[in-house]
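A.B. asks: Read off the chains here:
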Amino acid sequence: MAQPSPETRVQEDVTAVATLERDAQLMLRVREGCSTSFAILLEKYRGPVIHFLYRMVQNQAVAEELAQEVFLRVYKSRANYEPTAKFTTWLFRIATHLALNWHRDGKAVKREESLDCESAEGIQRQIPDRDPGVEQRLLREARFKEIRKAIQGLPEKQRAAVLMHKYQEMDYSQIAGALECSESAVKSLLFRAYETLRARLAHLA
Amino acid sequence: MQSRYRKQQPDSGPLTECPLTHGETNADLLLDFCNRKLAPELNAILQAHVDICPPCQAFTETQAQVWAALDAFETAPISSDFDARLRARIEEEEQRSSWWSRLWNRMTAGGTANWRPMAPVAAVLLLAAGLSLRPSGSEVPDGGGPDTAPLVKSAELSVEIEQVETLLEDLEMLRELGVAETNSSRQM
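Just so you know, the sequences run in chain order A and B.
Numbering of the first sequence is given in my numbering, commencing with residue 2 and proceeding in unit increments.
Numbering of the second sequence is given in my numbering, commencing with residue 228 and proceeding in unit increments.
Please note that a few of the clues may not be correct.
To be verified - The following residues of chain A were derived to be distant from chain B, with all beta-carbon distances above 10 angstroms:
no.: 1; residue: T37
no.: 2; residue: A68
no.: 3; residue: Q69
no.: 4; residue: Y76
no.: 5; residue: I95
no.: 6; residue: H98
no.: 7; residue: R138
no.: 8; residue: R144
no.: 9; residue: I148
no.: 10; residue: R149
no.: 11; residue: E157
no.: 12; residue: C182
no.: 13; residue: S183
no.: 14; residue: H204
Claimed, not checked - Derived list of chain B stretches under chain A, where covered just means 3 residues or more per stretch with a C-beta under 8 angstroms from a C-beta of chain A:
no.: 15; region: 290–304
no.: 16; region: 315–322
Derived from the structure by calculation, the hints contain no laboratory data.
C-beta: ideal position from N, C-alpha, C; glycine also.
Let the hints inform the model, and build the full structure from the sequences given.
C.D. replies: Next comes the structure, spelled out in structure tokens:
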């Protein structure tokens, strides 16, 4: 397994720190009333937040609605913003709270798409038809459906932890900050979640 | 080198032979190893272990398969009007809160005034205003009907806002007087 060299790792760390500081600085400018800085943050995190929420609630319209609420809350709390935590940790904490509340409010039951039903917003919209073969397409759809089911089958906190770990590449401390739990609790959540996913998905690769 | 671990297939049940795959406490090591997030020295040690440990090999292989499968979880394109809708919501929110912000800014003189000492005076004045705003003959008549009631209510509301603004002006004047008195007492 090829590993990055120490120089590359240091460079990556420096870049990561610079990015974090940039985000905090942008947010501090938003606090001072700079709308351009808010637009930059929105441009940068619109996709990650919506994609995270989509994978959490598995409904694109709901994901966008919740993402609107996330950015609205960021904007409304700009006056009280203090760069004590990483911006992404704070952002995903808000997103996770909203997604968990949405599930707890029972809205998931009312608006949840049936995984067996190929809705306009579901599988057909998700998978670009790169391969003209019907068999290939059906295979890909079945595979996609199984992944969605496996993710949806995870308990909510495990699901949030896996999504942040896998797709946002957040480290344990950031995930712990977003989920408001300890790092060891995050490791435990990830261990159990991946154990379940290994049992359900390994055959798909 | 002879492995001391029994060869085990990934689908033949839980992998319990190696402590690294068995407990939650150590599993993050293997996860980080699979994710190429370990420091090179630690990675080399773990690589040497994985090379001779079938359960860890199975773990890393299936974990890689899971990640490959998760890569296929694509997302839908984002609506083109997402930003416009957000801007509209922000503007709506700001409009909704603007009258309250104006009121708050006046009360706190832009956040610089120390109005806490005036709070009891303000409370008494507001109470007095509340009592004086209850005219005896202003009840909505029974036969007023649903069409007239909102008009009466909005008229009452506008009177209340005017009263509050007058009160705030009085409060401001009192505050200035208070400051003047404090200054004159200091001079004495």
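A.B. asks: Quick check: which numbered hints come out false for this structure?
C.D. replies: Going through the list in order, the structure violates hints 2, 3, 4, 8, 9, 10, 14 and respects the others.
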